[in-house]
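Can you make the complete structure from the sequences, with help from the hints?
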Amino acid sequence: MKFGILVNEGPYNHQAADTAYQFAKAAIDKGHEIHRVFFYHDGVNNASKLTEPPADDRNIVNRWSKMAEEHGVDLVVCVAAALRRGIVNENLASGFRISGLGQLVESGIQADRLVTFGD
Amino acid sequence: MSESTGGIDMDEESSGTVKKFAFINRKAPYGTIYALESLEVVLISAAFDQDVSLVFMDDGVYQLKKGQGTKAVGMKNFSPTYRALEGYDIEKLYVEKESLESRGLTEEDLIVDVEVLTAEEMATLMDEQDVVMSF
Numbered sequence: 001m002k003f004g005i006l007v008n009e010g011p012y013n014h015q016a017a018d019t020a021y022q023f024a025k026a027a028i029d030k031g032h033e034i035h036r037v038f039f040y041h042d043g044v045n046n047a048s049k050l051t052e053p054p055a056d057d058r059n060i061v062n063r064w065s066k067m068a069e070e071h072g073v074d075l076v077v078c079v080a081a082a083l084r085r086g087i088v089n090e091n092l093a094s095g096f097r098i099s100g101l102g103q104l105v106e107s108g109i110q111a112d113r114l115v116t117f118g119d
Numbered sequence: 001m002s003e004s005t006g007g008i009d010m011d012e013e014s015s016g017t018v019k020k021f022a023f024i025n026r027k028a029p030y031g032t033i034y035a036l037e038s039l040e041v042v043l044i045s046a047a048f049d050q051d052v053s054l055v056f057m058d059d060g061v062y063q064l065k066k067g068q069g070t071k072a073v074g075m076k077n078f079s080p081t082y083r084a085l086e087g088y089d090i091e092k093l094y095v096e097k098e099s100l101e102s103r104g105l106t107e108e109d110l111i112v113d114v115e116v117l118t119a120e121e122m123a124t125l126m127d128e129q130d131v132v133m134s135f
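These protein sequences, in sequence, are chains A and B.
Quick note on our numbering: the first sequence kicks off at 1 and runs consecutively.
Quick note on our numbering: the second sequence kicks off at 1 and runs consecutively.
These are computed hints drawn from the structure, not numbers from a lab.
Predicted, not measured: the structure shown is a model, and the values here were computed from it.
Some clues are possibly wrong.
What the hints assert, rightly or not - In silico negatives: residues of chain B with every beta carbon more than 10 Å from chain A:
#, residue
1, T70
2, V73
3, G87
4, I90
5, Y94
6, G104
7, L105
8, T106
9, A123
10, D127
What the hints assert, rightly or not - Pairs of lysine-lysine residues, derived as DSS-like cross-links and limited to a Cα-Cα distance of at most 30 Å, are as follows:
#, chain 1, residue 1, chain 2, residue 2
11, A, K2, B, K19
12, B, K76, B, K65
13, B, K65, B, K20
14, B, K19, A, K25
15, B, K19, A, K30
16, A, K2, A, K49
17, B, K20, A, K30
Said to hold, decoys possible - Selected chain A positions facing chain B (in silico; Cβ < 10 Å):
#, residue
18, R84
19, V105
20, A111
21, T116
22, G118
Think of the CB as a built atom: it goes at the ideal place given N, C-alpha and C, for glycine as much as any other residue.
The structure is reproduced here in structure tokens:
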């Protein structure tokens, strides 16, 4: 199955970012395809390479980057939401790209299922 | 065109596919940014010629309440945008009856014409959708 994933919450302050990652990883491990992960609202903070969690904690941003690198997952950050929150190309982690909301709607059209994380 | 659709080339494979999209608005209009950012997705979706429904339930019904004044909180009053949705061919607006009633509101309190559905009818509506996004 082809999944689109929408992440609406930031890392470390809400379980949604972790659950979205774990869902995506499990889907890939089971042989499914991730059409795109779209980051919206505070979800755009998943893409900041300035994020530096303590060494004994999970690194949420690097985890996404690694997924993009290893599995070619398209990680898209909403430009309007990103600019509001100071996420720009200069502090964008590897594997992410900034684009418009059209990418989210298109994912809804192209994917078999669009799954939202965050409330 | 690519600017209005967020960088998507409409000649690609997405064109021609029409899915039923429902945007569920559950949050009050101010206090968080969810309502405003949800409205942005709704407006963009219009450019893709999809079958779009907007649902308002829980505190989301306050997004449509008449007489909003936001000057005191220093935020932009975006409620007039809901009245402009018709111009984007977004005409299917649904409000959950129970959410309205439990907040002491009626259809007359809302700035746009909506169809009021019971929670049970709302479940049926959601079941019919291809894509549901909740904000």
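How the hints compare with the structure:
no. : hint          : verdict
1   : T70           : holds, 17 Å
2   : V73           : holds, 17 Å
3   : G87           : holds, 18 Å
4   : I90           : holds, 13 Å
5   : Y94           : holds, 19 Å
6   : G104          : holds, 24 Å
7   : L105          : holds, 23 Å
8   : T106          : holds, 27 Å
9   : A123          : holds, 17 Å
10  : D127          : holds, 14 Å
11  : A:K2 - B:K19  : holds, 15 Å
12  : B:K76 - B:K65 : holds, 15 Å
13  : B:K65 - B:K20 : holds, 26 Å
14  : B:K19 - A:K25 : holds, 27 Å
15  : B:K19 - A:K30 : holds, 26 Å
16  : A:K2 - A:K49  : holds, 28 Å
17  : B:K20 - A:K30 : holds, 28 Å
18  : R84           : holds, 8 Å
19  : V105          : holds, 5 Å
20  : A111          : holds, 8 Å
21  : T116          : holds, 6 Å
22  : G118          : holds, 9 Å
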